[in-house]
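So the protein lines, in turn, are chains A and B.
To convert, note that position 254 of the first sequence is 254 in the numbering used here; the numbers rise steadily by one, no gaps.
To convert, note that position 147 of the second sequence is 1147 in the numbering used here; the numbers rise steadily by one, no gaps.
Mixed in with the good hints, there may be bad ones.
Computed cross-link-like contacts, DSS-like style, restricted to lysine-lysine with a CA-CA straight-line distance of at most 27 Å [stated by the list, open to error]:
| no. | chain 1 | residue 1 | chain 2 | residue 2 |
| --- | --- | --- | --- | --- |
| 1 | A | K2 | A | K232 |
| 2 | B | K1303 | A | K20 |
| 3 | A | K99 | B | K1402 |
| 4 | B | K1248 | B | K1365 |
Derived CB-CB ranges, DEER-like [claimed, not checked]:
| no. | chain 1 | residue 1 | chain 2 | residue 2 | range |
| --- | --- | --- | --- | --- | --- |
| 5 | B | V1286 | A | S29 | 33 to 41 Å |
| 6 | B | R1149 | A | A312 | 43 to 51 Å |
| 7 | A | K2 | B | R1002 | 21 to 29 Å |
| 8 | A | E437 | B | D1022 | 17 to 25 Å |
| 9 | A | K447 | B | D1022 | 22 to 30 Å |
| 10 | A | L5 | B | R1002 | 20 to 28 Å |
| 11 | B | E1050 | A | D378 | 44 to 52 Å |
| 12 | A | S317 | B | R1149 | 27 to 35 Å |
| 13 | A | G465 | B | A1012 | 37 to 45 Å |
| 14 | B | G1178 | A | K447 | 49 to 57 Å |
| 15 | A | A448 | B | E1127 | 42 to 50 Å |
Over the 10 Å line for every Cβ pair with chain A, so calculated as not near, a few chain B residues [to be verified]:
| no. | residue |
| --- | --- |
| 16 | V1182 |
| 17 | V1372 |
| 18 | A1390 |
| 19 | P1415 |
| 20 | E1416 |
Derived by calculation from the structure, the hints in this document are not laboratory data.
None of the values given here were measured: they were computed from a predicted structure.
Note that CB positions come from ideal geometry on N, CA and C, so glycine has one too.
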Amino acid sequence: MKESLGTTGLILNEPLLWEKGKSGRCGISLPRHDVDPAPLDKDLTTEGPDLPDLSEVDVVRHYTRLSQWNFGVDSGMYPLGSCTMKYNPKINEKLANLKGFSGAHPLLPAHLSQGVLKLMFELEQFLAEITGMDAVTLQPAAGAHGELTGMMLIHAYHKKKGGHRSKIIVPDTAHGTNPASAALCGYRPVPVRSNEQGILSTGAVAELMDEDTAGIMVTNPNTLGLFEENIKKIAEIVHSKGGLVYCDGANMNAVMGIVSMGEIGVDVLHLNLHKTFSTPHGGGGPGSGPVCVRKHLIPFLPVPRIIEKNGAYALSSEFPESIGKLQAFYGNFGVMIKAYCYIRSMGPVNLRKASQLAVLNANYIKENLKKVFHLPYDRNCMHECVFSDKFQNAYKITTLDMVKRLMDYGFHPPTIYFPLVVSGAMMIEPTETESKETIDLFIDSLKAVANEAKENPDLLRQAPGRCKVTRLDEVSAARHPCLAG
Amino acid sequence: MRYLPHTPDDIASMLRAVGAKDLDGLFPTIPENCRRTGDMKLPEPLTEWELTAYLGALSERVAVSPEYKVFMGAGSYEHYIPQSVSFLLSRSEFVTAYTPYQPEMSQGTLQAIYEYQTMVARLLGMEVANASIYDGASALAEALLMAVRITRKKRVAVSSLVHPLYRRVVRTYFEPAGYELVELPFRKNGTTDLSPVDHMDGLAALAVQSPNFFGCIENLGEAAEKIHKNEGLFITSFTEPLAYGLLKSPGVQGADIACGEGQSFGIPQSFGGPVLGMFAGKMKYVRSMPGRLVGKTMDREGKEGFVLTLATREQHIRREKATSNICTNNSLCALTAAMYMASAGRTGMRELASINHDKAEYLKKELKKAGVGIPFDSPTFNEFVVEFPADFESTYRRLMEKRIVAGFPLASFYPELAGHYLFCVTETKTREDMDALVKEITP
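Start from the sequences and build out the full structure, keeping to the hints where you can.
This is the structure:
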């Protein structure tokens, strides 16, 4: 193995803001008070909120130090499965901050916001083309928000047809947001098990699908990193009973230009712009979760919708069957700009290549590690592969121990203990933006960890040893919650 | 393509390692009838420089300050953003990290969000705040759903002076679940008529916005008393958090949940998003709260550290029984607001709030002097309603040509208020800007 990435270096302690503040300081430039004071009634006011007073220098050092305790894609490989932590292009950040975009008031009349509306309109068209669907709403703020929107569309569709349906089929490999989103629409999720190949069988779906079932929520490729090969048949079964097929598109990064979701029977699909389309995740958002639909669901899309007439763009709410609104305004426009820039920079050929390389990287990792870690589904994978800790359990070492040790080697851990169908799961998604050298070092590091599991298991149980803190006590954090200082 | 690091040699050797003939050969599990036929019809790639030119041209087709003077708020506010905040937000360790599932490698995000939660709780006078919701509207919808869960009642009362688009979002969230929303009318002074609450049965919650959509400051204490008598929760909403730099907090006035929009705190308007749903409540309801929470704990050496906690409320553990489906929230916007609150502090926040209030009062006074109607006489913060004669619409259009947006016309949301405009003045407007506006309106 080449030299490990992980090392130690000087980072600085930094207290909580209010331990640092001193009354009377101020860290902002206060605008001129160029009018007479007009005090409010004393009964309505206070002496100001209990916030610490800090200087600008205090604040800058505080957050600079905090940032150094973090790890991002810009620091190194971040192979979180199902999260698609690909590189976030810098030009996109710059262009999203152009004053004409960042300073735009959302209630400007259409003739004063043509640039914004045109960009959104074109992005909708690009996403429809990439997914093979007919229309798109950009309004949902994140993936789960997109799922909720999709469920609402399905609910509205059935309501219009005059039938209330009470159930929805959700595979056991689904993200937790799927059943939670369905439940918000009053649907009872009915779990369907994946077969011994890790995918849905037509029989299992046929058994559950009936006329009280609104449809199915399927993730394709699924969270085991496998393509749902029977999807077309499954869609036919669901459609034959009047149901609809919802596709969680969190894993779209595997199939851009390779699969057309519209053609394989998907009625509604959400995308995560902060996964497939390279926008940064921001330590937990903001994301953006556009929803793409086939023709029959267009009338129900959220309002307002962007319409174009002779090259002029406008917002229209004249869609009486619309489900309504998911956010006050039109979605996370600042995120949309970055996704738009990504698509325009890549073009059709490179988007397809991105998917191919993402799949190549994942299969390369799978092939190189499958002797070291148990691979429950030894098949061609898509953009991610899922191992378990079965081999290491012999040394009383768990997935958690291994990934904490992986930190010491300078890599962010993969997604762990998900999907739930694999005990001790380690779900690795390298993405296409990691080079062969980085991936080789990642493979070597995991091999070294597996070796340590055998030779020196205590090292793993004590890990991480090179982070700012050692393993944190999550149990007592939940038992005695301290949520504010 | 500069984002794709693989050389032809890399690809060849990796394909060998996985036993595939070529890149197309990597997809044997995709059946033939699931393959896309034909290429994606997308524009050919642009260089960095072409892209910059194209986006630059698009961005110029939008009316923004300083070329335009926009006297419009209505849920999105133009405030100065300190350069230090913008600069700190370029720290890519924050920007390019995921949700902090691995706390040992994410202490920066976690401490920052813990501090954010604390400052939001203090600002709103509440015991606990979450790590953020998408925006003010979805925060209100989540708050009402939370009240339905806690009280097991399916009906809520919402003031008609809660932002009209927020009410629309609540209706959208409520529709498939079949919950009922009753709107309360407003009084002549521009505040909510709370009297119907006394006679309503089975209310899970009452929601009031203050300052309300007309900019008027509501009597939250009275509203709290009424709904508590009725055994429902009191939810307060807001679109302008800066008001609480000056005003009594919702918590002090009896709120059970305080939620709203945090965009004013250093977050660009960006055509409405991404912004920040602030969400705070009483500790006794914490296990019913939606969204992520960061808590303080210790590591094995007794050193203080932070983790995501109370995950048993959340979708990845509880699935369909979760308190919300939210996963990705608006963490970076929360971080921005934290940087902003820390920069302003008590001193700066109060002073800035006073400046906003005083400037808005100045414009109100000058307009009044010029003979324009101010229909609601309740105290306001940085927004207020103005009533113009019926022919004002042509003046409004003329002003736009002169690069002034003279308020937001209320008629689309309140048909009974034709000729009424909602004005907003923040610290970004000078006395000269306001004098010029008044002069244009009343030549």
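Right, here's what the structure says about each hint:
1. With a C-alpha separation of about 46 Å, the suggested pair A:K2 and A:K232 falls outside the 27 Å cut-off, and the hint is violated.
2. Distance hint between B:K1303 and A:K20 is fulfilled; the C-alpha atoms sit about 18 Å from each other, no more than 27 Å.
3. Restraint check: the Cα-Cα separation between A:K99 and B:K1402 comes to about 20 Å, which is no more than 27 Å; the hinted pair holds.
4. This hinted pair checks out: B:K1248 and B:K1365 have alpha carbons roughly 24 Å apart, not beyond 27 Å.
5. Taking the beta carbon of each, B:V1286 and A:S29 are about 37 Å apart, inside 33 to 41 Å as hinted.
6. One distance hint, 43 to 51 Å for the beta-carbon pair B:R1149 and A:A312, holds here, with the actual separation near 45 Å.
7. A hinted range of 21 to 29 Å for the beta carbons of A:K2 and B:R1002 is consistent with their spacing of about 24 Å.
8. For A:E437 paired with B:D1022, a C-beta distance near 22 Å keeps the hint of 17 to 25 Å intact.
9. Between A:K447 and B:D1022 the CB atoms are about 28 Å apart, so this pair conforms to the stated range of 22 to 30 Å.
10. In this structure the hint that A:L5 and B:R1002 lie 20 to 28 Å apart at CB holds, the actual value being about 22 Å.
11. The hinted range of 44 to 52 Å is satisfied by B:E1050 and A:D378, whose Cβ atoms lie roughly 45 Å apart.
12. At roughly 31 Å, the beta carbons of A:S317 and B:R1149 sit within the given window of 27 to 35 Å.
13. A C-beta distance of roughly 39 Å is found between A:G465 and B:A1012, which places it inside the suggested range of 37 to 45 Å.
14. At about 55 Å, the CB distance of B:G1178 to A:K447 agrees with the hint of 49 to 57 Å.
15. The supplied range of 42 to 50 Å is met by A:A448 and B:E1127, whose beta-carbon atoms lie about 46 Å from each other.
16. Every CB of chain A is more than 10 Å from the CB of B:V1182 (nearest about 17 Å), matching its label as outside the interface.
17. Listed as outside the interface, B:V1372 is consistent with that label: its C-beta sits roughly 18 Å from the nearest C-beta of chain A, beyond the 10 Å cut-off.
18. In this structure B:A1390 is separated from chain A by more than 10 Å, as the shortest Cβ-Cβ distance comes to about 20 Å.
19. Distance to chain A confirms B:P1415 as a non-interface residue, since its nearest Cβ pair spans about 14 Å, more than 10 Å.
20. Chain A leaves B:E1416 outside its interface by the beta-carbon criterion, the shortest separation being 19 Å against a cut-off of 10 Å.
The earlier numbered hint that this structure contradicts is number 1, and it is the only one.
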